[in-house]
Amino acid sequence: MQAGKPILYSYFRSSCSWRVRIALALKGIDFEMVPVNLIKDGGQQLAIIEYLEETRPTPRLLPRDPKKRASVRMISDLIASGIQPLQNLSILKKVGEETQLTWAQNAITSGFNALEQILQSTAGKYCVGDEVTMADLCLVPQVANAERFKVDFTPYPTISCINKRLLALEAFQVSHPCRQPDTPTELRA
Amino acid sequence: MQAGKPILYSYFRSSCSWRVRIALALKGIDFEMVPVNLIKDGGQQFSKAFQALNPMKQVPTLKIDGITIHQSLAIIEYLEETRPTPRLLPRDPKKRASVRMISDLIASGIQPLQNLSILKKVGEETQLTWAQNAITSGFNALEQILQSTAGKYCVGDEVTMADLCLVPQVANAERFKVDFTPYPTISCINKRLLALEAFQVSHPCRQPDTPTELRA
Numbered sequence: 050m051q052a053g054k055p056i057l058y059s060y061f062r063s064s065c066s067w068r069v070r071i072a073l074a075l076k077g078i079d080f081e082m083v084p085v086n087l088i089k090d091g092g093q094q095l096a097i098i099e100y101l102e103e104t105r106p107t108p109r110l111l112p113r114d115p116k117k118r119a120s121v122r123m124i125s126d127l128i129a130s131g132i133q134p135l136q137n138l139s140i141l142k143k144v145g146e147e148t149q150l151t152w153a154q155n156a157i158t159s160g161f162n163a164l165e166q167i168l169q170s171t172a173g174k175y176c177v178g179d180e181v182t183m184a185d186l187c188l189v190p191q192v193a194n195a196e197r198f199k200v201d202f203t204p205y206p207t208i209s210c211i212n213k214r215l216l217a218l219e220a221f222q223v224s225h226p227c228r229q230p231d232t233p234t235e236l237r238a
Numbered sequence: 040m041q042a043g044k045p046i047l048y049s050y051f052r053s054s055c056s057w058r059v060r061i062a063l064a065l066k067g068i069d070f071e072m073v074p075v076n077l078i079k080d081g082g083q084q085f086s087k088a089f090q091a092l093n094p095m096k097q098v099p100t101l102k103i104d105g106i107t108i109h110q111s112l113a114i115i116e117y118l119e120e121t122r123p124t125p126r127l128l129p130r131d132p133k134k135r136a137s138v139r140m141i142s143d144l145i146a147s148g149i150q151p152l153q154n155l156s157i158l159k160k161v162g163e164e165t166q167l168t169w170a171q172n173a174i175t176s177g178f179n180a181l182e183q184i185l186q187s188t189a190g191k192y193c194v195g196d197e198v199t200m201a202d203l204c205l206v207p208q209v210a211n212a213e214r215f216k217v218d219f220t221p222y223p224t225i226s227c228i229n230k231r232l233l234a235l236e237a238f239q240v241s242h243p244c245r246q247p248d249t250p251t252e253l254r255a
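If you're matching them up, the sequences are chains E and A in order.
Each number in the working numbering corresponds to the 1-based position in the first sequence with 49 added.
Each number in the working numbering corresponds to the 1-based position in the second sequence with 39 added.
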C-alpha cells in the first residue's frame with residue numbers, strides 16, 4: 050500500500066514540527082526526518098495529526114466522545130491559531146528587534162490567560178481528562194516557546210503542572226528539540 | 040436531550056463567525072444569534088459577561104447540547120460529528136487531510152495575522168500593507184495547493200469545510216483591496232460558492248447586526 054517510510058520535514062526548534070514528532074512517537078510510527086532550516090509555519094500540522102489519527106488510530110489522540118473531542122480541538126486551535134502564528138519567526142522579523150520580545154510575550158500571555166481558565170473545566174491529568182490528546186501535543190511546544198520568551202508562569206499553575214507531567218513521557222522526550230538530528234551542538238541535551 | 044436552540048455569538052463582519060454561520064445553514068440547524076459588536080463601546084467582546092463565556096474574548100462562540108465551544112473549526116468539526124448530513128468532510132482520510140490543511144492554512148496561516156486586534160497593534164499607517172501581505176502570502180500558497188485538490192470546489196466537487204473558510208477570507212481580501220489577478224482558481228471557486236443559498240443567507244450583508252448602510 051505505502052511505498053517507503055513517511056518523510057517529515059522538520060526544524061528542531063519549530064513548535065509546529067515538535068507537535069507532529071510527538072504524534073509520530075506516541076503512535077510508534079517509524080519515519081524519515083528531513084531537517085529544514087527555515088520553515089514556513091502555517092499551523093497545518095493539526096491536519097497532519099488528524100490524518101495520523103484516522104489512519105493509525107492507536108493509541109488514540111482524540112477521545113471518542115464528540116463533546117470531549119470538541120474540547121481537544123478547541124484547545125489545539127487556541128494554541129495553533131490563537132497564539133503560535135502571532136509569535137512565529139516570520140512575524141517577529143516583521144515587528145522588528147526592539148518590539149519582538151514584548152510582542153511575543155503579549156501574544157502568549159493573552160492566549161495562556163484564556164487557556165488557564167479553559168483548563169479549569171477540561172483538565173484531568175492532562176489538558177482534557179486523563180489521557181494524552183492532540184491538545185497536549187500543542188501545549189508542550191507552546192510552553193517551550195513561552196520559556197524562550199521569558200514569560201512569567203506564576204499565573205499559569207495548571208498549564209505548568211500539565212506541561213511537567215507530559216515532559217516526563219517518553220514520546221515528548223524523544224521528540225524534544227534538544228534531541229533532534231539538526232539540533233545545534235550547543236543546544237543538545 | 041437539548042434544552043432550546045443552539046446560541047451563536049457572532050459579529051456580522053467576522054470571517055470566523057461567517058464560517059460557522061455557513062455550516063449551520065448548510066446543515067439546516069435552527070439557531071439563535073446573539074450579536075457581539077467588536078468595535079462599539081470599545082468592543083463588546085471585552086465585557087465581563089462575554090469574557091466569562093469565552094476567555095479568548097473572540098467570536099464565534101456556540102452554545103449547543105449543554106456545552107460551549109470556541110474556535111470556528113472546532114465548532115464545525117463538532118457539528119459534523121453530531122449532525123453528519125450533509126457532509127462537510129469527505130469520507131476518504133487523504134481528502135479529509137486536504138480539507139483540513141486548506142482550512143488550517145486560512146484559519147491559522149492567514150486570518151489571525153490580519154484580524155482586528157493585530158491590526159490595532161500594528162497601527163493605522165501600516166495596517167493595510169500588513170493585512171495585504173498576510174493575505175497574499177497565504178493566497179499564493181493556497182492557489183498552488185488548489186491546483187492539485189480542487190474540482191468544482193476547494194477539494195473535489197462537494198462543498199467542504201475548506202470552502203467555508205475560503206469565502207470569508209476572500210471577502211476580507213476584497214476589503215483590504217487585494218489584487219486577485221494572481222488567484223484565478225480562488226476567484227472562480229469563490230464565485231461558484233457565493234451562488235449557493237447557505238453562503239448567501241449567512242453573508243455579512245444579511246445579518247441581524249449588519250449596519251443599515253451595508254445591508255444587501
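Misleading hints may appear alongside valid ones.
In silico DSSO-like links for lysine-lysine, alpha-carbon gap of 30 Å or less [as the list claims (entries may be wrong)]:
# : chain 1 : residue 1 : chain 2 : residue 2
1 : A       : K216      : A       : K230
2 : A       : K102      : E       : K174
3 : E       : K143      : A       : K160
4 : A       : K159      : E       : K116
5 : E       : K116      : E       : K76
Honestly, the hints are just simulated from the structure, not real lab data.
Given the structure is predicted, the values throughout are model-derived calculations rather than measurements.
Each hint tested on the structure:
A C-alpha spacing of about 17 Å is found between K216 of chain A and K230 of chain A, which places the hinted pair at or below 30 Å, so the restraint holds. Proposed proximity of K102 of chain A and K174 of chain E is supported: the alpha carbons are some 26 Å apart, at most 30 Å. With a C-alpha separation of about 13 Å, the suggested pair K143 of chain E and K160 of chain A falls inside the 30 Å cut-off, and the hint holds. With a CA separation close to 34 Å, the supplied pair K159 of chain A and K116 of chain E exceeds the 30 Å bound.
Between the alpha carbons of K116 of chain E and K76 of chain E the distance comes to roughly 23 Å, so the proposed pair stays at or under 30 Å and holds.
Checked against the numbered hints above, the structure violates only hint 4.
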